[in-house]
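Produce the entire structure from the sequences given, and follow the hints as far as they go.
Each chain, letter by letter, is given below.
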Amino acid sequence: MSRLFLRSPEAVAGTIILALLVAMALAAPWLFPRDPLAIVGPAMLPPFQDWTLPLGTDRLGRDVLSGLFHGARTSLAVGLAAAATSIIVGVLVGTIAGFAGGWVDEVLMRITDAFQTVPGFLLALAFVSVAGPSLGVVVVAIALGAWTQPARITRAEVLSIRERDYVAGARVIGMHPAEIAFREVLPNALPPVLALSSVIVAAAVLTEAALSFLGLGDPNRVTWGGMIAEGRAVLRSAPFLSIVPGIALVLTVLGVYLLGEGAVEASAVKRGNA
Amino acid sequence: MSDFRISRRGVLAGAAMLLASTAMPSFVFAQEPKKGGRLVVAADSEPRNLNPAIVASNGVFFVSSKVVEPLAEASFEGEDGLSPRLATSWEGSEDGKSVTFKLREGVTWHDGKPFTSADVAFSALQVWKPLQNLGRVVFKDLEAVETPDEHTAVFRFAKPTPFQLIKNALPALTAVLPKHVYDGSDIAANPANNAPVGTGPFTFAEHKAGEYYRLARNEAYWGENQPLLDEIIYRVLPDRAAAAGALEAEEVDLAAFSAVPLADLDRISKVPGIEVVTKGYEALTYQLIVEINHRRKELADLKVRQAIAHAIDKEFVVKTIFLGHAETATGPVPKNDKQFYTADVPGYAFDVAKANALLDEAGYPKGADGNRFALKLLPAPYFNETKQFGAYLRQALAEVGITAELVNNDSAAHQKAVYTDHAFDLAVAPPVFRGDPAISTTILVQSGAPDGVPFSNQGGYKNADIDALIAKAAETLDAEARTKLYYEFQQKVAEDLPLINVADWGFITVARDTVKNVSNNPRWAVSNWADTWVEK
Numbered sequence: 350m351s352r353l354f355l356r357s358p359e360a361v362a363g364t365i366i367l368a369l370l371v372a373m374a375l376a377a378p379w380l381f382p383r384d385p386l387a388i389v390g391p392a393m394l395p396p397f398q399d400w401t402l403p404l405g406t407d408r409l410g411r412d413v414l415s416g417l418f419h420g421a422r423t424s425l426a427v428g429l430a431a432a433a434t435s436i437i438v439g440v441l442v443g444t445i446a447g448f449a450g451g452w453v454d455e456v457l458m459r460i461t462d463a464f465q466t467v468p469g470f471l472l473a474l475a476f477v478s479v480a481g482p483s484l485g486v487v488v489v490a491i492a493l494g495a496w497t498q499p500a501r502i503t504r505a506e507v508l509s510i511r512e513r514d515y516v517a518g519a520r521v522i523g524m525h526p527a528e529i530a531f532r533e534v535l536p537n538a539l540p541p542v543l544a545l546s547s548v549i550v551a552a553a554v555l556t557e558a559a560l561s562f563l564g565l566g567d568p569n570r571v572t573w574g575g576m577i578a579e580g581r582a583v584l585r586s587a588p589f590l591s592i593v594p595g596i597a598l599v600l601t602v603l604g605v606y607l608l609g610e611g612a613v614e615a616s617a618v619k620r621g622n623a
Numbered sequence: 011m012s013d014f015r016i017s018r019r020g021v022l023a024g025a026a027m028l029l030a031s032t033a034m035p036s037f038v039f040a041q042e043p044k045k046g047g048r049l050v051v052a053a054d055s056e057p058r059n060l061n062p063a064i065v066a067s068n069g070v071f072f073v074s075s076k077v078v079e080p081l082a083e084a085s086f087e088g089e090d091g092l093s094p095r096l097a098t099s100w101e102g103s104e105d106g107k108s109v110t111f112k113l114r115e116g117v118t119w120h121d122g123k124p125f126t127s128a129d130v131a132f133s134a135l136q137v138w139k140p141l142q143n144l145g146r147v148v149f150k151d152l153e154a155v156e157t158p159d160e161h162t163a164v165f166r167f168a169k170p171t172p173f174q175l176i177k178n179a180l181p182a183l184t185a186v187l188p189k190h191v192y193d194g195s196d197i198a199a200n201p202a203n204n205a206p207v208g209t210g211p212f213t214f215a216e217h218k219a220g221e222y223y224r225l226a227r228n229e230a231y232w233g234e235n236q237p238l239l240d241e242i243i244y245r246v247l248p249d250r251a252a253a254a255g256a257l258e259a260e261e262v263d264l265a266a267f268s269a270v271p272l273a274d275l276d277r278i279s280k281v282p283g284i285e286v287v288t289k290g291y292e293a294l295t296y297q298l299i300v301e302i303n304h305r306r307k308e309l310a311d312l313k314v315r316q317a318i319a320h321a322i323d324k325e326f327v328v329k330t331i332f333l334g335h336a337e338t339a340t341g342p343v344p345k346n347d348k349q350f351y352t353a354d355v356p357g358y359a360f361d362v363a364k365a366n367a368l369l370d371e372a373g374y375p376k377g378a379d380g381n382r383f384a385l386k387l388l389p390a391p392y393f394n395e396t397k398q399f400g401a402y403l404r405q406a407l408a409e410v411g412i413t414a415e416l417v418n419n420d421s422a423a424h425q426k427a428v429y430t431d432h433a434f435d436l437a438v439a440p441p442v443f444r445g446d447p448a449i450s451t452t453i454l455v456q457s458g459a460p461d462g463v464p465f466s467n468q469g470g471y472k473n474a475d476i477d478a479l480i481a482k483a484a485e486t487l488d489a490e491a492r493t494k495l496y497y498e499f500q501q502k503v504a505e506d507l508p509l510i511n512v513a514d515w516g517f518i519t520v521a522r523d524t525v526k527n528v529s530n531n532p533r534w535a536v537s538n539w540a541d542t543w544v545e546k
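First to last, the protein sequences are chains B and L. Residue numbering for the first sequence follows our numbering, beginning at 350 and increasing consecutively. Residue numbering for the second sequence follows our numbering, beginning at 11 and increasing consecutively.
Everything labelled a hint here was simulated from the structure, so no lab data went into it. Predicted model only: the values in this text are computed from it and were never measured. Even for Gly, the Cβ is constructed at its ideal location relative to N, Cα and C. Fair warning: there could be bad hints in the mix.
[As the list claims (entries may be wrong)] A partial selection of chain L residues facing chain B, derived with a Cβ cut-off under 8 Å:
#, residue
1, Ser55
2, Glu56
3, Ala273
4, Asp274
5, Tyr402
[Stated by the list, open to error] Only part of the chain B face toward chain L is listed, based on derived beta-carbon distances under 7 Å:
#, residue
6, Gln465
7, Ala582
8, Arg585
[What the hints assert, rightly or not] Computed beta-carbon distance windows for the label pairs:
#, chain 1, residue 1, chain 2, residue 2, range
9, L, Glu545, B, Asp384, 49 to 55 Å
10, L, Lys426, B, Glu455, 39 to 45 Å
11, B, Gly485, L, His190, 55 to 61 Å
12, B, Leu375, L, Ala367, 34 to 40 Å
Encoded structure:
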């Protein structure tokens, strides 16, 4: 699997990009121990002028490079946490609905429908405006719109798996239905959902950036979306303030997508070989 | 990068020259005011209630001051800094209990009815005093308005009221409404609040929500040969970055109230055909202040407040946040007010070491992590600069070991959090100094404001000395003695720091150079624009 995985160029590119980002996120507190929001130099210093501040400073004199590193932490943390939350919730809901069937299925799927009819971003926007911006709230807000897809896919998989012989066998030997659902059915229903995870992470990173851009991010943390918003006021005179975090954002989303693509391809090749 | 910009500017300039050369024959270099033409102005907000007699705020005045006129307008040259509008003269009595206004004759309302003293009496007693945000304070003792004839109005006060205050209040507080439109109706819900009827040089023509307001020339205006413009269009451009683009594309002729971001001024000032004007806001000074919730035990301690004042680098705020378009503040009266300002107040120089020492003295030593205590900081969302100052203040406080957690809200949530729920420790606010401390400044520190009144003392501060001083100044008739009392007021406020004044700023107008007579009075953006004209 891993050999196959590394044979696809997308996967390699994606892995490298993400590894770099993770390294950035992890190294941020060591390389830039100061608060990234601290004012460290003259305001609006252009990039490549002062080697202690290689990417220049923003409108208040805060280090852009430090912001970029610490922003990677926020972006990745929110992206992963939101994706994990939505996948866990989605998988649970999907498994219960698919395995239990009947009115439970009906109720859970109608709730899913209800969430799916509202655009995810709108939902996130409304939730953050009411609950007030903080990191936890942002994670929940993003997960709120993202759990429906994994729920639907899990349910579809579970519906086909629960008719298989080994499930019937498990019933015959007297296993508890919950045990069958989560130990026998769920693990086999997971792969297609995990393939979806890269899309969810990428969407979560973008949603977080969009929320911060609109001023609904946590103001006490550096986020790339917040940096872009901050730079927007001076877009004409200091475009680098928006371009630098913009590039970071594009690379992250690209990296996640490529990795997901590579994983899907590798698993398809493996299945084809088997 | 910079090469690219220069060449692009060159191209732009070249293109502008080309355009100009084709238009050359129609260019007439005469500075004689010309009648006719349309002025397109960028508007960044769309107030629903356009009645300046009820909502005395600059957002409303910006549009409605051209339609509804006050008794007098601020002026650079006029006596007392005023030039007559609907009143031609004003005189206060010795005992301070009456003021007599002679009103302009031959003025008609936009619907053709004559303007008389009954309109002034009605506006004062039924609108300014009971309904207006500022009039409630200034006209609180107004008892009656006598109208001996159609063109004389005598204001009678129950208690002596300083004539100086009334004069200073004339431009912003005395928009006169037509009695025949409002009488007998629910004034606050009258449809004329959304389509005002006045005596001004322009009539209200239409409002398309989200798009524009249109004002048309009042052919029957009392001013000789005024107004000069045919119409004024306010294009609604809520996005600040859009105003600069629209000016360059010649879609709008003028953007007031710093609609063009300060950071863009340097660039746009070099664009041919565009002028940056800093004059015309002298009587509209905004103050950047830190509001303090004195219910917090730490903040009730004067030493802590002094430490915070010492932790703020005012020069940095002026230079970096306002890019030089502001003045450092010493107290509750801005430096540009010649009548009331005194520099003789305790100062708080930027001194981190001293701030740290004061906090240690106050009994809040740094913990193991370098922090003393945590505060909730709510920057007002109304201006870019207030938000930026919030971000700066968080860092400035971190330097002295105070952890400030920023809380961002939209305007409605911010007002509720600060002025109704008091759910803040520090807040950043931009109150306006309106030419007299008694109009909207003393209310920031005076005790006894009911919950929910925005831009009032909601920090739970109570100082009997300052309250007594404010009360005494409110009934001191002699202008000189009254000014002295306000000197003392400034000293007391700077000494006890019920709030911290950081900087005072005016706004910037950016206009195409074809617009003439821009910024020729200290409240220009919110005056009537009767003499404004466009060169064609």
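Now for the hints, and whether the structure bears them out:
1. For the restraint placing serine 55 (chain L) at the interface with chain B, the shortest Cβ-Cβ distance is roughly 17 Å, beyond the 8 Å limit, so the hint is violated.
2. For glutamate 56 (chain L), the shortest C-beta to C-beta distance to chain B is roughly 20 Å, which exceeds 8 Å, and the interface hint is violated.
3. The interface hint given for alanine 273 (chain L) is met, as the beta carbon of that residue sits about 4 Å from the closest beta carbon of chain B, less than 8 Å.
4. Hint status for aspartate 274 (chain L) relative to chain B: holds, with the closest Cβ pair at about 6 Å, below 8 Å.
5. For tyrosine 402 (chain L), the shortest C-beta to C-beta distance to chain B is roughly 6 Å, which falls under 8 Å, so the interface hint holds.
6. Hint status for glutamine 465 (chain B): violated, given a least beta-carbon distance of 28 Å to chain L, over 7 Å.
7. The restraint placing alanine 582 (chain B) at the interface with chain L holds, with a minimum CB-CB distance near 5 Å, inside the 7 Å limit.
8. Residue-level restraint check for arginine 585 (chain B) holds (minimum Cβ-Cβ distance to chain L is 6 Å; threshold 7 Å).
9. Taken as a hint, the range 49 to 55 Å holds for the pair glutamate 545 (chain L) and aspartate 384 (chain B), whose Cβ atoms sit roughly 53 Å apart.
10. For the hinted restraint 39 to 45 Å between lysine 426 (chain L) and glutamate 455 (chain B), the CB-CB distance of approximately 41 Å keeps it satisfied.
11. Distance hint check for glycine 485 (chain B) and histidine 190 (chain L): the Cβ-Cβ separation is about 59 Å, which falls inside the suggested range of 55 to 61 Å.
12. Separation of leucine 375 (chain B) from alanine 367 (chain L) is about 39 Å and conforms to the stated range, judged on CB atoms against 34 to 40 Å.
Hints 1, 2 and 6 from the earlier list are contradicted by this structure; the remaining hints agree with it.
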